[in-house]
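Here the protein sequences come in this chain order: A and B.
Per the numbering used here, the first sequence starts with residue 282, numbered consecutively.
Per the numbering used here, the second sequence starts with residue 282, numbered consecutively.
In case anyone wonders, no lab produced these hints; they're calculated from the structure.
You can trust all of the hints, since none of them are fake.
Pairs of lysine-lysine, BS3-like flavour, derived with a Cα cap of 25 Å:
| id | chain 1 | residue 1 | chain 2 | residue 2 |
| --- | --- | --- | --- | --- |
| 1 | B | Lys802 | A | Lys341 |
| 2 | A | Lys862 | B | Lys866 |
| 3 | B | Lys862 | A | Lys867 |
| 4 | B | Lys731 | A | Lys385 |
| 5 | A | Lys673 | A | Lys654 |
| 6 | A | Lys525 | B | Lys299 |
| 7 | B | Lys866 | A | Lys866 |
| 8 | A | Lys731 | A | Lys525 |
| 9 | A | Lys433 | B | Lys418 |
| 10 | B | Lys433 | A | Lys418 |
| 11 | B | Lys802 | A | Lys385 |
| 12 | A | Lys620 | A | Lys640 |
Footprint (simulated), chain A over chain B, 3 or more residues, beta carbon under 8 Å:
| id | stretch |
| --- | --- |
| 13 | 422-433 |
| 14 | 442-448 |
| 15 | 518-527 |
Being a predicted model, the structure only gives us computed values, none of them experimental.
All residues carry an ideal CB built from backbone N, CA and C; glycine is no exception.
2 protein chains.
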Amino acid sequence: MYRTHTCGELRIQNKANKVTLAGWVQRIRELGAMTFIDLRDRYGITQLVVDEKSADDVKKITSELGREFVIRVEGEVKERSSKNTRIDTGDIEIAVENITVLNKSDLPPFTIEDNSDGGDDLRMKYRYLDLRRNPLKQALALRHKMAQEVRKYLDSQNFLEIETPYLIKSTPEGARDFVVPSRVNAGEFYALPQSPQTFKQILMVAGYDRYFQIVRCFRDEDLRADRQPEFTQIDCEMSFVEQKDILSMFEGLARHLFKNVLNVELDNVPQMLYADAMKYYGCDKPDIRFDMKISEITELVKNSGFSVFDNAEYTGAICAKNCGAYTRRQIDELTEWVKRPQIGASGLIYIKLGEDGIKSSIDKFFTTEQLQKIADKTEAQNGDLILILCGKKTKTQSMLGSLRLELGNRLGLRAVNKFAPLWIVDFPLFEWDDETQRFYAMHHPFTSPKPEDVNKFYSNKNEDIGSVNANAYDFVVNGVELGGGSIRIFDRKLQQRMFEILGFTPEAAESQFGFLMNAFKYGAPPHGGIAFGFDRFCAMFGGSDSIRDYIAFPKNNSGRDVMIDSPSPIDNVQLEELSLKVDIKKK
Amino acid sequence: MYRTHTCGELRIQNKANKVTLAGWVQRIRELGAMTFIDLRDRYGITQLVVDEKSADDVKKITSELGREFVIRVEGEVKERSSKNTRIDTGDIEIAVENITVLNKSDLPPFTIEDNSDGGDDLRMKYRYLDLRRNPLKQALALRHKMAQEVRKYLDSQNFLEIETPYLIKSTPEGARDFVVPSRVNAGEFYALPQSPQTFKQILMVAGYDRYFQIVRCFRDEDLRADRQPEFTQIDCEMSFVEQKDILSMFEGLARHLFKNVLNVELDNVPQMLYADAMKYYGCDKPDIRFDMKISEITELVKNSGFSVFDNAEYTGAICAKNCGAYTRRQIDELTEWVKRPQIGASGLIYIKLGEDGIKSSIDKFFTTEQLQKIADKTEAQNGDLILILCGKKTKTQSMLGSLRLELGNRLGLRAVNKFAPLWIVDFPLFEWDDETQRFYAMHHPFTSPKPEDVNKFYSNKNEDIGSVNANAYDFVVNGVELGGGSIRIFDRKLQQRMFEILGFTPEAAESQFGFLMNAFKYGAPPHGGIAFGFDRFCAMFGGSDSIRDYIAFPKNNSGRDVMIDSPSPIDNVQLEELSLKVDIKKK
Numbered sequence: 282m283y284r285t286h287t288c289g290e291l292r293i294q295n296k297a298n299k300v301t302l303a304g305w306v307q308r309i310r311e312l313g314a315m316t317f318i319d320l321r322d323r324y325g326i327t328q329l330v331v332d333e334k335s336a337d338d339v340k341k342i343t344s345e346l347g348r349e350f351v352i353r354v355e356g357e358v359k360e361r362s363s364k365n366t367r368i369d370t371g372d373i374e375i376a377v378e379n380i381t382v383l384n385k386s387d388l389p390p391f392t393i394e395d396n397s398d399g400g401d402d403l404r405m406k407y408r409y410l411d412l413r414r415n416p417l418k419q420a421l422a423l424r425h426k427m428a429q430e431v432r433k434y435l436d437s438q439n440f441l442e443i444e445t446p447y448l449i450k451s452t453p454e455g456a457r458d459f460v461v462p463s464r465v466n467a468g469e470f471y472a473l474p475q476s477p478q479t480f481k482q483i484l485m486v487a488g489y490d491r492y493f494q495i496v497r498c499f500r501d502e503d504l505r506a507d508r509q510p511e512f513t514q515i516d517c518e519m520s521f522v523e524q525k526d527i528l529s530m531f532e533g534l535a536r537h538l539f540k541n542v543l544n545v546e547l548d549n550v551p552q553m554l555y556a557d558a559m560k561y562y563g564c565d566k567p568d569i570r571f572d573m574k575i576s577e578i579t580e581l582v583k584n585s586g587f588s589v590f591d592n593a594e595y596t597g598a599i600c601a602k603n604c605g606a607y608t609r610r611q612i613d614e615l616t617e618w619v620k621r622p623q624i625g626a627s628g629l630i631y632i633k634l635g636e637d638g639i640k641s642s643i644d645k646f647f648t649t650e651q652l653q654k655i656a657d658k659t660e661a662q663n664g665d666l667i668l669i670l671c672g673k674k675t676k677t678q679s680m681l682g683s684l685r686l687e688l689g690n691r692l693g694l695r696a697v698n699k700f701a702p703l704w705i706v707d708f709p710l711f712e713w714d715d716e717t718q719r720f721y722a723m724h725h726p727f728t729s730p731k732p733e734d735v736n737k738f739y740s741n742k743n744e745d746i747g748s749v750n751a752n753a754y755d756f757v758v759n760g761v762e763l764g765g766g767s768i769r770i771f772d773r774k775l776q777q778r779m780f781e782i783l784g785f786t787p788e789a790a791e792s793q794f795g796f797l798m799n800a801f802k803y804g805a806p807p808h809g810g811i812a813f814g815f816d817r818f819c820a821m822f823g824g825s826d827s828i829r830d831y832i833a834f835p836k837n838n839s840g841r842d843v844m845i846d847s848p849s850p851i852d853n854v855q856l857e858e859l860s861l862k863v864d865i866k867k868k
Numbered sequence: 282m283y284r285t286h287t288c289g290e291l292r293i294q295n296k297a298n299k300v301t302l303a304g305w306v307q308r309i310r311e312l313g314a315m316t317f318i319d320l321r322d323r324y325g326i327t328q329l330v331v332d333e334k335s336a337d338d339v340k341k342i343t344s345e346l347g348r349e350f351v352i353r354v355e356g357e358v359k360e361r362s363s364k365n366t367r368i369d370t371g372d373i374e375i376a377v378e379n380i381t382v383l384n385k386s387d388l389p390p391f392t393i394e395d396n397s398d399g400g401d402d403l404r405m406k407y408r409y410l411d412l413r414r415n416p417l418k419q420a421l422a423l424r425h426k427m428a429q430e431v432r433k434y435l436d437s438q439n440f441l442e443i444e445t446p447y448l449i450k451s452t453p454e455g456a457r458d459f460v461v462p463s464r465v466n467a468g469e470f471y472a473l474p475q476s477p478q479t480f481k482q483i484l485m486v487a488g489y490d491r492y493f494q495i496v497r498c499f500r501d502e503d504l505r506a507d508r509q510p511e512f513t514q515i516d517c518e519m520s521f522v523e524q525k526d527i528l529s530m531f532e533g534l535a536r537h538l539f540k541n542v543l544n545v546e547l548d549n550v551p552q553m554l555y556a557d558a559m560k561y562y563g564c565d566k567p568d569i570r571f572d573m574k575i576s577e578i579t580e581l582v583k584n585s586g587f588s589v590f591d592n593a594e595y596t597g598a599i600c601a602k603n604c605g606a607y608t609r610r611q612i613d614e615l616t617e618w619v620k621r622p623q624i625g626a627s628g629l630i631y632i633k634l635g636e637d638g639i640k641s642s643i644d645k646f647f648t649t650e651q652l653q654k655i656a657d658k659t660e661a662q663n664g665d666l667i668l669i670l671c672g673k674k675t676k677t678q679s680m681l682g683s684l685r686l687e688l689g690n691r692l693g694l695r696a697v698n699k700f701a702p703l704w705i706v707d708f709p710l711f712e713w714d715d716e717t718q719r720f721y722a723m724h725h726p727f728t729s730p731k732p733e734d735v736n737k738f739y740s741n742k743n744e745d746i747g748s749v750n751a752n753a754y755d756f757v758v759n760g761v762e763l764g765g766g767s768i769r770i771f772d773r774k775l776q777q778r779m780f781e782i783l784g785f786t787p788e789a790a791e792s793q794f795g796f797l798m799n800a801f802k803y804g805a806p807p808h809g810g811i812a813f814g815f816d817r818f819c820a821m822f823g824g825s826d827s828i829r830d831y832i833a834f835p836k837n838n839s840g841r842d843v844m845i846d847s848p849s850p851i852d853n854v855q856l857e858e859l860s861l862k863v864d865i866k867k868k
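If we strip away everything but chain A, and leave its shape as in the complex, we get (with noise of 0.2 Å):
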């Protein structure tokens, strides 16, 4: 060992210790004859001394230290003169009695600090150098510790990690598959796993009961912001069960994360109609860190002569509470802010319940008893402000929702140590796209319809098929969906009807699930999931937006691992084993 201590660790109990350390050279202070040096490892940081007392060689060495230098010291533990409260080793300092330069270290092209001077890019390209900065250190100890607790819960509920293989069989439904050209078998390739879907069923088939897995998954998507092309999941099965055994258990495992990890004490996770949930939130992923419910009032502003609401699908209306007193610029602020291309909206109206009555931008139209009325609709009082917007429904709800949650911001109410999980349950089994003029499976294909819907399931209008519902749900926090799963299709006949209605012909079904409407045929057992995109899930409890910091090597925004410098060109004796050759059509 290169040290006796980490750089954490010693107190005011190791005064007058001989001690070795080892670390990074994180900050040299001269201050007369007297150099102080921040000395730092993963645990913590530690202050040297040298001082005109030093022997010389050590005052040499000192003097020619730099930021980031790695260093050897061996010391006496004093006491401080002038303590440093902010940091767990502030009682004490190093006298230096001996000191090595392990290895040296160029200028770093940005500050290791908390605030990093570095943008993006080079912070990326020098990845192992943000690495070092205390806000990543402490995501990625995070993510550590979600990961022991998370094994530490479902190993004690009997769940048995069980790792499936990565080089599978490439399946067009879904997302797209990355695929792995094989040298052996010419011509063929395996896909890398959008999921262990498929594998976990198989699983149950074989009576494993409950399993898990904390598991790579791949898709090859343009990226968005905050996608990556791999992400982590923690992926879940069990056998004999039915949705409200699967709501329970997961229930414990966030109650358990929760606790173990931010100490915070879960209250009961409410459940919510997906239908709902579109209804007054305006989206499948609600917070309900705040109230603010939209409220349908398109029966109540029908027929008034003011054409937008008249012609309109739908209205609603979300009430902002004591905002009443918004300037017309907040107002004009907010107009603004719903009419952006993301969000689309023509226009906003308000009613605001001031102290001097109600005023409203629908004056012409409507009488105070008529605005009253959707102030009592939208459970609004006297100081509150009512948002209008209207148009198709659908996209309605969506646009209000989405001002719901800016609003939010902007009244502070959803603070990110607040957590208000929930469940979204009874979605639809199916979307209709309009493009391709089919369904798609809203979860996936393996999804249960509800028992209570099977007949529609096997109608032939359409209309009865996208009414079906399916025995899936979604685990939400604060606006974020951090999992979703469904009790699964366990019967040959229902699954090979479930491909039918996704266009699959009876060839192409078997050629890319053969496998398990074959494992179907020898006692599946009824079983149901879930997954957790792992990632985000730490994103959320380390109280952040985006999973890049929770991630010790991400992509950028292309795909590319810039430290690395991957993808890139392989050489032509790679492709000619591989029977592949590039053929860059030009665009």
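Please build the complex by placing chain B on the supplied structure of chain A, with the hints as guidance.
Frame of chain A; chain B shown alone:
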């Protein structure tokens, strides 16, 4: 929940309880009007009874059951009249009051018993049925337990589990990479990691101090029996350590696993020089469950007029205790064994120390006195058998090593429940390859030369370079290498020299490992690590030679997953999106 209890938990104390169980029909026996069903789940087997008093529909459904049907039963726990002491639930049975078939099963293609009648290929294709058998269930449960205990130990030692990327960069040094074409970056490829080696070193540069990961690794090698294209490693790295610190830390891990998984207390783990392993055991992973060391007798037998010895570079002998009475036939058998192409000896010479004096196949050339000298050298005593091979030194040592293991097998000296771990240390840094006329790294290009050999490392004489020893070590148990690692180079100049010796141009070194060399500019700490083959570690603990049973979904010897039928062709749209063409050359 479909059940109140599992099939493994009911005991006599549950007598008279009303319970609900769910599981698979393992066996049906009819005895007159009574039907006994063994109901199986992951946790055990419970006996169900249907008799003449049972309701008609229960009798009817029971009469239609088949093997591997999934059923749910309600009934009362009764004490058995004839108890089964071989299973934990053997005191009770369930008098069935209600029975539901949850899913039927076709007749399985092989029996789901501890010893199945299915061949390897069939069992691979129906892996989900094979996985229902006890030996595989136990193997995967053992693997789960191992993984949890590995994490428990390393977490307690302040290691952080950090996930490294799977989509990295192809580096032709070492085994062949699997590559992943990038769609977004046309003509470019990621590679799947052969190990997270460079990333864990980068994490040390980033100051993470102690890292581990149970991680999948990929090698596109021509498969041999019991090699898998994807396999799992326990991957670890530490900073500010010397070799002895690493050995002691991971001896601790081994001790923890043996104790907590197998309840075996390990003695101290001895260390053996690589040179001694080759000299005394003819291989770098000696099985020291038994002694039978190799003795070199080259000088004792030279110039005897026996040309075979006279012309041999090396002659060596092993002594098989108490085998002095081996018959002609037994010795012929051993002779045939060493002459097989896998061993490749041209013959086997013996000396028997029997009751009627010393007898040998070389009596013509050696006096009894000379033979006695050989016996003394090998520490043979009356009743023992000495076996002798000669030829090129390394090859002959290796043959003697193989013969030693074979004798160990025949003499029952290699019990699976006995464990003899050891460290092999001081490996050579390089291997010379005659074919390509260059040095290869024996461990990998990041392994540090021993400090005392650094001068030879900079020499331009191949003889010097070839004699450089490495700070490298292997962890060996019962003749199996379970892990290996090294102290790494952390000096940029030393690393450059390493690449130079391995025949990299500066440009190639820069393009493949530039990020690591750059990282070394900014304060790399001294560091080292180790990686254990997790599949093999599990197989060793399970008492098996084969890793395949310890992997849920292994591939066959052609790298195929025959259950899902992968790899497989992908469609042209996918290929076009990836800017690739399949181009199979006739061979």
